[in-house]
Amino acid sequence: MSSLSTSISLSKRIAAAPQISKSGNVNILEKGDDNIRELVAYLPYLFEFAAYEYTPNNAIGQYEGLAAILLAMEHLNTGNGTIVPELDGIEQRCPLKFTTKAFDTGGQQRMGID
1 MSSLSTSISL SKRIAAAPQI SKSGNVNILE KGDDNIRELV AYLPYLFEFA AYEYTPNNAI
61 GQYEGLAAIL LAMEHLNTGN GTIVPELDGI EQRCPLKFTT KAFDTGGQQR MGID
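Residue numbers for the sequence shown, in my numbering: 1 to 114.
In short, the hints are calculated from the structure, not lab data. One thing to keep in mind: the hints can contain errors.
With beta-carbon atoms standing in for the labels, derived distance ranges [stated by the list, open to error]: (1) Gly61 / Ile36: 16 to 22 Å; (2) Cys94 / Ser21: 16 to 22 Å; (3) Ile83 / Gln19: 18 to 24 Å; (4) Ser9 / Pro44: 15 to 21 Å; (5) Phe103 / Ile20: 30 to 36 Å; (6) Asp88 / Pro44: 23 to 29 Å; (7) Glu86 / Tyr42: 29 to 35 Å; (8) Gln19 / Asp88: 29 to 35 Å; (9) Gly81 / Ser23: 25 to 31 Å; (10) Phe103 / Leu71: 16 to 22 Å; (11) Ile28 / Gly61: 16 to 22 Å.
The beta carbon of each residue, even a glycine, is placed where N, CA and C say it ideally should be.
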């Protein structure tokens, strides 16, 4: 079973990265003086966690969707093929790592854009 530990450690590495550059949709983390690069695809999760005027919105889908995305990213980042066998060992063939951050749109389209 996945613990999401790679997602957490990746978020910490992004926060501490001395330099982040971008190439297309991929962020490149520069790791100190040893010129090691880490390729990261940042996929924001936009959903209505709170309705208009930020009253809680507990409709089906918000938290389940976020949990599914986090699990999928963990399996991509670690090469875990328990659900999708084709992912087994992908972390050795593909250097790209995935991360996300959840944003509450508050039920307003402009919140997802701004």
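Cross-check of the supplied hints:
{"no.": "1", "hint": "Gly61 / Ile36: 16 to 22 Å", "in the structure": "violated, 39 Å"}
{"no.": "2", "hint": "Cys94 / Ser21: 16 to 22 Å", "in the structure": "holds, 20 Å"}
{"no.": "3", "hint": "Ile83 / Gln19: 18 to 24 Å", "in the structure": "violated, 35 Å"}
{"no.": "4", "hint": "Ser9 / Pro44: 15 to 21 Å", "in the structure": "holds, 19 Å"}
{"no.": "5", "hint": "Phe103 / Ile20: 30 to 36 Å", "in the structure": "violated, 19 Å"}
{"no.": "6", "hint": "Asp88 / Pro44: 23 to 29 Å", "in the structure": "holds, 28 Å"}
{"no.": "7", "hint": "Glu86 / Tyr42: 29 to 35 Å", "in the structure": "violated, 23 Å"}
{"no.": "8", "hint": "Gln19 / Asp88: 29 to 35 Å", "in the structure": "holds, 33 Å"}
{"no.": "9", "hint": "Gly81 / Ser23: 25 to 31 Å", "in the structure": "holds, 28 Å"}
{"no.": "10", "hint": "Phe103 / Leu71: 16 to 22 Å", "in the structure": "holds, 19 Å"}
{"no.": "11", "hint": "Ile28 / Gly61: 16 to 22 Å", "in the structure": "violated, 33 Å"}
Violated hints, listed in ascending order, are 1, 3, 5, 7 and 11; each of the other numbered hints is respected by the structure.
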